[in-house]
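> Sequences and hints are given; from them, build the entire structure.
Chain by chain, the residues run as shown.
Protein chains: 2
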Amino acid sequence: MSELRKDPIVDRWVIIATERGKRPMDYKEIIEEKKTQACPLCEGNEKQTPPEIIAYREPGTAKDTPGWWVRIVPNKFPALKIEGELFQRQHGIYHSMNGIGAHEVIVESTSHVSGMDAQTEKQVEEVVWAWRDRSLDLRKDARLKYIQIFKNTGSAAGASLEHTHSQLIATPIVPVDVRMEIEGMKEYADRHGSCVICDMVMQEIDERVRIVVESEHFLVINPFASRFPFETWIIPKKHQHDFGQINEEQVRDLASVLKSVFGKMTIMIKNMPYNMVLHTSPVNLQEERHYHWHLEIMPRLTLIAGFELASGYYINPTPPEMASQALREIQEIYPLQERIMTGVSTYV
Amino acid sequence: MSELRKDPIVDRWVIIATERGKRPMDYKEIIEEKKTQACPLCEGNEKQTPPEIIAYREPGTAKDTPGWWVRIVPNKFPALKIEGELFQRQHGIYHSMNGIGAHEVIVESTSHVSGMDAQTEKQVEEVVWAWRDRSLDLRKDARLKYIQIFKNTGSAAGASLEHTHSQLIATPIVPVDVRMEIEGMKEYADRHGSCVICDMVMQEIDERVRIVVESEHFLVINPFASRFPFETWIIPKKHQHDFGQINEEQVRDLASVLKSVFGKMTIMIKNMPYNMVLHTSPVNLQEERHYHWHLEIMPRLTLIAGFELASGYYINPTPPEMASQALREIQEIYPLQERIMTGVSTYV
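Sequences listed follow chains A and B, in order.
So the mapping is simple: the working numbering equals the position in the first sequence, first residue as 1, plus 6.
So the mapping is simple: the working numbering equals the position in the second sequence, first residue as 1, plus 6.
Any given hint could turn out to be false.
Listed next, with one range per pair, are the computed distances between beta-carbon atoms [what the hints assert, rightly or not]:
| id | chain 1 | residue 1 | chain 2 | residue 2 | range |
| --- | --- | --- | --- | --- | --- |
| 1 | B | Lys192 | A | Lys41 | 46 to 56 Å |
| 2 | B | Glu220 | A | Trp135 | 50 to 60 Å |
| 3 | A | Asp143 | B | Lys276 | 26 to 36 Å |
| 4 | A | Glu189 | B | Asp70 | 48 to 58 Å |
| 5 | A | Lys34 | B | Ala195 | 49 to 59 Å |
| 6 | A | Glu91 | B | Gly27 | 18 to 28 Å |
Source of the hints: derived by calculation from the structure; they are not laboratory data.
Ideal Cβ placement from N, Cα and C applies to all residues, glycine included.
Below, the structure written as structure tokens:
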């Protein structure tokens, strides 16, 4: 029989639908149409993007030329822009603001690979530093209240470019889903005197049925109330409300964990489309020390349809316990170098 | 410049992204792959579905045989089931229930058409009656707290069958999105002494920039904070919290409005994939007279990606004012009979 499960943080229920049961092995490789145009994110094509905001590059190399290893550029079609003054407008019952904010693209590699599993750990580390650095830099703009870092991979997940990249949208308001999480965490702390995510980490380590990987600083689980098949959270084991406070040791560990998780996912389902989102505490507001930052990876193997849009609830045909067993059992079989070579295409 | 707009009911902001601006005419026909298997929802194939729950049928015709015009069957792969006793479980920090509820399919036509625009008004009326009748019948089960009626059309909207149908999922809990709407409506009423949706109807009739169609009993608008291009709401002009209270005159009018709206959408973008959801007040709980029921049509021309999943906010490249101008200007050019004939394929 199906089961209704409540997310322990927010008031979101998911239906683990056994009648529609799909075991991990029932999912097939996803076929992605090969793009044929030149890739604007590849090394050598720097002029095809808007001028870079910042890049980690060899000393002496010029802006918007090769010599970088991580490069951050404004989105070519930005949803929000940093220029101008923020003003609000009330017209009858309607409330609006002009589109102040930031919308950036973090190019995660010089070569045309599609994911973190095809990168070296060192390179993934550099990407995590880039996320942190942008997060620390943008919060200097007092108008911005939230810095949302996310990654779309695969066309079903809304990616229009194949080349591995993440994005950042900074908004002058705290998104409703983050606010609901903050409220959920506060309520839990009021009732139990502890952090719900810290307690989740403890219970998961204790039960060992939803763990994918455990490292020194991070626990990777398929959460109890997974909305999506293979939904995966990467959680710092130590309470830390602000991703901006991540230290060097954690960055190194997170890079290794990210590489390992995406390695497992690629072996599980080739070209698995996914969204990854970083949930952290707001900026330029009263500090939210209740918050516990984490990464959520949401594979897009099921469609978000009318029921989900109507209710905010999700139907997930694959129990997380099954997903994590399958992911746990995957050994990363390819030696590193081979994985890198497979990932690199001769595309541009 | 882009604009951030707040939904007047819930705390949901959308980014109307002018840099990504897509005018209504920029959207192209959607190509749907023709299904080749026999359709289990067509007249004559009644044995291919689970036994019918109820059908509107000619007197003297037998259950699960032809002679019906609207037919309601259990979903073959139900997310929830009516049988059994509802029990809750708390395990550490996790809370769950067994999957009690209902999951039904409303077959809206005997013939293999894909939408309401290809039906007669009389037939659409019968579908609206079916929604009402199921809603009234299922609330007799005191365990059920919400009856969610929705319709997925097109593969991008999660429809696995082409044949026009809607679905119903009844849950033992009130979905979070409905609860947020109820709270939003209550707060507004506390502050202003009036219903936010009634006020929205007044302001929209006054301004006439987001109206698609207006009939005696319904106002059809592209809402101010549209999440999706061509998002369309059908709102009863008179305050009514419970869809189950719809009367004969309203049913007739709603059928005509639905046919007209989908007629316009089909002319605008052939095979437009969409989800339609009915938002109404919960059942078997304290009456929510603040609520104002309405239908939301969400075309699926853009993808829900990382930013939307992370924040609960949406990026919409097409301002609703542009969408409604385009939809308003469409005259329903095909005579009824021709539309019906075009819609009917010789499929099975």
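> Indicate, hint by hint, whether the structure satisfies it.
Going through the hints against the structure:
1. B/Lys192 x A/Lys41: 46 to 56 Å: holds (49 Å)
2. B/Glu220 x A/Trp135: 50 to 60 Å: Between glutamate 220 of chain B and tryptophan 135 of chain A, where Cβ atoms are some 56 Å apart, the hint holds.
3. A/Asp143 x B/Lys276: 26 to 36 Å: violated (46 Å)
4. A/Glu189 x B/Asp70: 48 to 58 Å: For aspartate 70 of chain B against glutamate 189 of chain A, whose Cβ atoms are near 49 Å apart, the range 48 to 58 Å holds.
5. A/Lys34 x B/Ala195: 49 to 59 Å: holds (51 Å)
6. A/Glu91 x B/Gly27: 18 to 28 Å: For glycine 27 of chain B against glutamate 91 of chain A, whose Cβ atoms are near 22 Å apart, the range 18 to 28 Å holds.
Checked against the numbered hints given earlier, this structure breaks only hint 3.
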